[in-house]
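Number of protein chains: 2
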Amino acid sequence: MTKFAIGVDLGGTYTKLALIDTSGRISRRAKLSTTAYKTRGELVSAIVSEVKAVLEKTHLSPNALLGVGIGVPGLVDFDRGLVYTLTNVPGWKNTPLKGILEAKLKVPVLVDNDVNVMTLGECRFGAGKGAKNLVCITLGTGVGGGIMIDGRLYRGCTFSAGEVGHMPLKEEGLSCNCGGYGCLERYVGNRYIVEEIRGKIRGGSPTAIKGLVNGDLSAITPEVISKAALKGDRLSIDFWNTVGKRIGVTLAGIVNLLNPERIIIGGGVAEAGEPLFKSIRKTVHERALPVPKKAVKILKARLGNEAGVIGAAALFFNPKG
Amino acid sequence: MTKFAIGVDLGGTYTKLALIDTSGRISRRAKLSTTAYKTRGELVSAIVSEVKAVLEKTHLSPNALLGVGIGVPGLVDFDRGLVYTLTNVPGWKNTPLKGILEAKLKVPVLVDNDVNVMTLGECRFGAGKGAKNLVCITLGTGVGGGIMIDGRLYRGCTFSAGEVGHMPLKEEGLSCNCGGYGCLERYVGNRYIVEEIRGKIRGGSPTAIKGLVNGDLSAITPEVISKAALKGDRLSIDFWNTVGKRIGVTLAGIVNLLNPERIIIGGGVAEAGEPLFKSIRKTVHERALPVPKKAVKILKARLGNEAGVIGAAALFFNPKG
Numbered sequence: 001m002t003k004f005a006i007g008v009d010l011g012g013t014y015t016k017l018a019l020i021d022t023s024g025r026i027s028r029r030a031k032l033s034t035t036a037y038k039t040r041g042e043l044v045s046a047i048v049s050e051v052k053a054v055l056e057k058t059h060l061s062p063n064a065l066l067g068v069g070i071g072v073p074g075l076v077d078f079d080r081g082l083v084y085t086l087t088n089v090p091g092w093k094n095t096p097l098k099g100i101l102e103a104k105l106k107v108p109v110l111v112d113n114d115v116n117v118m119t120l121g122e123c124r125f126g127a128g129k130g131a132k133n134l135v136c137i138t139l140g141t142g143v144g145g146g147i148m149i150d151g152r153l154y155r156g157c158t159f160s161a162g163e164v165g166h167m168p169l170k171e172e173g174l175s176c177n178c179g180g181y182g183c184l185e186r187y188v189g190n191r192y193i194v195e196e197i198r199g200k201i202r203g204g205s206p207t208a209i210k211g212l213v214n215g216d217l218s219a220i221t222p223e224v225i226s227k228a229a230l231k232g233d234r235l236s237i238d239f240w241n242t243v244g245k246r247i248g249v250t251l252a253g254i255v256n257l258l259n260p261e262r263i264i265i266g267g268g269v270a271e272a273g274e275p276l277f278k279s280i281r282k283t284v285h286e287r288a289l290p291v292p293k294k295a296v297k298i299l300k301a302r303l304g305n306e307a308g309v310i311g312a313a314a315l316f317f318n319p320k321g
Numbered sequence: 001m002t003k004f005a006i007g008v009d010l011g012g013t014y015t016k017l018a019l020i021d022t023s024g025r026i027s028r029r030a031k032l033s034t035t036a037y038k039t040r041g042e043l044v045s046a047i048v049s050e051v052k053a054v055l056e057k058t059h060l061s062p063n064a065l066l067g068v069g070i071g072v073p074g075l076v077d078f079d080r081g082l083v084y085t086l087t088n089v090p091g092w093k094n095t096p097l098k099g100i101l102e103a104k105l106k107v108p109v110l111v112d113n114d115v116n117v118m119t120l121g122e123c124r125f126g127a128g129k130g131a132k133n134l135v136c137i138t139l140g141t142g143v144g145g146g147i148m149i150d151g152r153l154y155r156g157c158t159f160s161a162g163e164v165g166h167m168p169l170k171e172e173g174l175s176c177n178c179g180g181y182g183c184l185e186r187y188v189g190n191r192y193i194v195e196e197i198r199g200k201i202r203g204g205s206p207t208a209i210k211g212l213v214n215g216d217l218s219a220i221t222p223e224v225i226s227k228a229a230l231k232g233d234r235l236s237i238d239f240w241n242t243v244g245k246r247i248g249v250t251l252a253g254i255v256n257l258l259n260p261e262r263i264i265i266g267g268g269v270a271e272a273g274e275p276l277f278k279s280i281r282k283t284v285h286e287r288a289l290p291v292p293k294k295a296v297k298i299l300k301a302r303l304g305n306e307a308g309v310i311g312a313a314a315l316f317f318n319p320k321g
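Sequence lines, in order, name chains A and B.
Going by our numbering, the first residue of the first sequence is number 1, and it counts up by one from there.
Going by our numbering, the first residue of the second sequence is number 1, and it counts up by one from there.
Just chain A, with the same shape it has in the complex (with noise of 0.2 angstroms):
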């Protein structure tokens, strides 16, 4: 019997659910809008709501349904279901995420954050497929990552485990909004990257991003550079070239001390696509050991804004997760 788990990802603007089978195909889906709902106790019905319709218009056995996977942004305690706290998400400290949707599923429950969620999609169904040990970092307005180890998630020793973003880059350097300085996430971090070149245009840079914008600076954004990176644009070759450059200083630390098969790079800026993997990978091989440099690829993520929801579900098809 094909058996399936319903993936839910809780994202700050949507909350979106599929139900998925252990092979990672997606058979039905449904989307809510995350801040239409002004309280958490609104949004978890809503949630279970939505679950119940999945169940009922697909009349799964109840044996073939292993449990409702959800992936959130923000702390998370795998072991009890327990959200710490939700970023961009108000009024969810401290709750008992997996025990509220038990009770009201009567389904097994699991919670974690999403980048892992999204690592464990990726390992699984995506670009990791087949390795065991590997780094998934994504690259947005925060700077994530996870990290697989011998096929399971793993955590840290407090559920923190993963944070590439606040590795530092700079043995000195700007201050970072986690509190410390010099993070890596403070100078690839969309927001710092969009504000970093609109200095430099400023500052009298010649650029095709201008007209692409129509002369607007506050329109830039990190699409806006890939654009005109393909189109050939010096000014934006040159800077997903210094991104690359800082995004490879970082990942030839973690090449040497874990030695993973593989590093996945997803979210919005990995969109940037050739220009900055070209950039990653030079650094790499430049900064790396040869044993590990060798057997490392650097990828980009395949499952796209499905990662959340086919993770979420894949918490289920994995021994211990």
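It is worth saying that the hints were derived from the structure and are not from the lab.
There's no promise every hint is true.
[What the hints assert, rightly or not] Straight-line alpha carbon distances no greater than 25 angstroms define the calculated DSS-like cross-link-like pairs of lysine-lysine that follow:
(1) Lys231(B) x Lys129(B)
(2) Lys297(B) x Lys170(A)
(3) Lys170(B) x Lys170(A)
(4) Lys210(B) x Lys297(B)
(5) Lys170(B) x Lys294(A)
Dock chain B against the given chain A, drawing on the hints supplied.
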């Protein structure tokens, strides 16, 4: 019945053996001069004789001996027991040491890298006792590291994990003899810290070190700098502070990435003690994220020179090493 293993610590200068029980107690020892043997074959034969001598003298029942574990200073394929190469011991390229020793001794043999073996020893019987996830670093001529995940050594996909000394401390930086640049080892390795303080003294910094070496700057060692620091020498105290900060920056990154329960620091430079450890802990506190920094303990290694033999024997005390 109490079970035993023989631990062998093959070092560049001495090769030490000991019979060790599963509670980490040493009951018999032997020591060879590694450099006294001209060929690999002669050294192997000498190790075999010593192992046999230990077994004869102790009248161990054959079932009481789990096997012979051996730690070597170089890259090892643990699964195959193959030594790829040894640092400072010539003639060992691609040696199937496990096979050679098993044929001669007729007991199971496990071979691993010396820092891995030390990490395992400290985790089972030293400063890491009771912890399941930890990182061990050794500060000496080289800066090495080992990683325990879930109570087992984590070796990486090509057995080269743990190279803490070659994580980038600086985004740019000085060339390292690994082929990269800006590596931690280039700033805190024995040789470099001695060079650096010599430069400061030649540059005119007043210090008690001069007196301790009777003006012979070539006689400066990390031990001398530590002695001066203990006597309140400003230059030496400030120097350990700087070295500790550099180590702390890299460790803050490891704390954020791996969220370990403990970080254990051994090797000669760790003997600098409190001036060094205070600075390491302060830096980790300043730069690591709140949750993982609260969770981690940064401790001095406890097994000293016995870590090698104890850890090598412990390869047989741990499920899957």
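Here is what the structure says about each hint:
no. : hint                  : result
1   : Lys231(B) x Lys129(B) : violated, 33 angstroms
2   : Lys297(B) x Lys170(A) : holds, 24 angstroms
3   : Lys170(B) x Lys170(A) : holds, 6 angstroms
4   : Lys210(B) x Lys297(B) : violated, 36 angstroms
5   : Lys170(B) x Lys294(A) : holds, 23 angstroms
Violation of the numbered hints given earlier is confined to hints 1, 4; the remaining hints are satisfied by the structure.
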